[in-house]
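**Student:** Protein chains in written order, with the numbering used here: chain A, 20 to 244; chain B, 20 to 244.
I should point out that these hints are in silico values taken from the structure, not numbers from a laboratory. Treat the hints with care, since some could be wrong.
Which copy is meant is left open, because identical chains are indistinguishable; a pair holds if it fits in one copy or across any two.
Said to hold, decoys possible - Capping the alpha-carbon separation at 16 Å, the derived lysine to aspartate or glutamate pairs in EDC-like fashion look like this:
#1 Lys55 to Glu207
#2 Lys206 to Glu196
#3 Lys162 to Asp203
#4 Lys162 to Glu183
#5 Lys157 to Asp95
#6 Lys93 to Glu152
#7 Lys173 to Asp203
#8 Lys92 to Glu152
#9 Lys219 to Asp33
#10 Lys65 to Asp95
#11 Lys124 to Asp159
#12 Lys179 to Asp203
#13 Lys173 to Asp62
#14 Lys93 to Asp62
#15 Lys206 to Glu223
#16 Lys41 to Glu207
#17 Lys220 to Glu85
There are 2 protein chains.
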Amino acid sequence: MENYKAHILVVDDDEGIRELVKQFLNNNNYLVTTAKSSEDALDKVKIIKFDLIVLDIMMPGKSGLEFTNENKKKLDTPIILLTAKRETSERVEGLEIGADDYLAKPFEPKELILRINNILNKTKTENLKRIIEFGSIKIDLNKLFIYRNQQSLKINNTEKIILERMINSPGKIFQREEIGSLIDLDKERSIDVIITRLRKKIEENPKSPKYLQTIRGEGYVLWIK
Amino acid sequence: MENYKAHILVVDDDEGIRELVKQFLNNNNYLVTTAKSSEDALDKVKIIKFDLIVLDIMMPGKSGLEFTNENKKKLDTPIILLTAKRETSERVEGLEIGADDYLAKPFEPKELILRINNILNKTKTENLKRIIEFGSIKIDLNKLFIYRNQQSLKINNTEKIILERMINSPGKIFQREEIGSLIDLDKERSIDVIITRLRKKIEENPKSPKYLQTIRGEGYVLWIK
DNA sequence: TACCAATATGAAAAAACTTTTATATTTAAA
DNA sequence: TTTAAATATAAAAGTTTTTTCATATTGGTA
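Take the sequences, apply the hints, and build the full model.
**Tutor:** This is the structure:
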């Protein structure tokens, strides 16, 4: 986890809420900056790239919805909206224009933390790990390793590209041509060779493959478990 | 987007709600399977790997919370909980045990769709794209390409590993030793060579680098914009 | 400024990866 | 069972990547 604190911008016109939230987030190991209006927030996002923005919808001047609508795309920062209204209409609108989540006031601070953790962890772990497991095999597409029966085998980039594509559509038949197009290769026999190599790595018994099978006359297919 | 429909499991003891939700999700291009209890759901997840589960909390037999608690980890499928209660306590508990989202009944079907889209798009795009932009450079860590002034340059896996690490901690000084440990290399001069190669690719003017700078006596640091 | 240690880098060497080729094996249909 | 087409694969050849080495350059400090 290292020493990095996520930096969160809290935007609310009510100083009481601002400070309360700030305090609470501080206690939960977040770095917090506050803004008292959308305009104020805009000034700040120009200078600092936040990890997340918590934004009240109803504020004098520009509303949180307007702020989200106008800035979400270029900022590309997760936004959690705070809404006072009970009706769903406003919340739906918030999500439609790109907010990542919302919370109805009054809310439990603990719930806010959970939602923040949820969003930040998600983007983080999903960015870092791309690990697929099936059968007795584990494939780490980032580290380019396959793990099977206590041993680890390195895969190369070509193999990664093909595995990644096939894993995305398990059960789909890939013609040699389609596989070849992924790596810019058009000799049929050459595709065979790559498949053979892959089988040696992922199959218990490469001669009668369980996962990476041949469909005679069609191509190859990957079965995940 | 291809031809793939996300497969969603809807679990609710109330047939009316089950069918309503199913109908609505079908209309929104999702493939739906229903289950009338946690036990029923358990049978189904053993056979099918769903993309997402929508789960009522209050059901006879095993509750949605129990189901989530017991299965979330091994399933690793996003879960949206449906809660009837107004209080936050139950919702907080749901998030704590690993649900990805919840929705209070009664809910607008449209809101459910938004939340589902939200979760599925998030996992999908974050799995597929790992593109970093800074200055006039765009780095695609999946495709192993760097784009700069209309031209594209290939990076190799070693370069990707180091860039990825440094991008994760911009401004952090990396000692040669630390960089070397990423790629299992312990000769100082060899690290230099890799840095030189990287600079040729990402720097406008590699002789006076703007992004990948030397900290004499310490190591290297990457500045993002 | 002159010196020394730190850093940079071209080029060679070594290692790894990729493709092709030639031949063997398998499969399905006659 | 025979045959022809499809697939598999070992080994060679070609290519790229990676590391090392030798030398050049740079930056700080006396």
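**Student:** Against which earlier hints does the structure fall short, listed by number upward?
**Tutor:** Those not satisfied are hints 1, 9, 11, 13, 15, 16 and 17.
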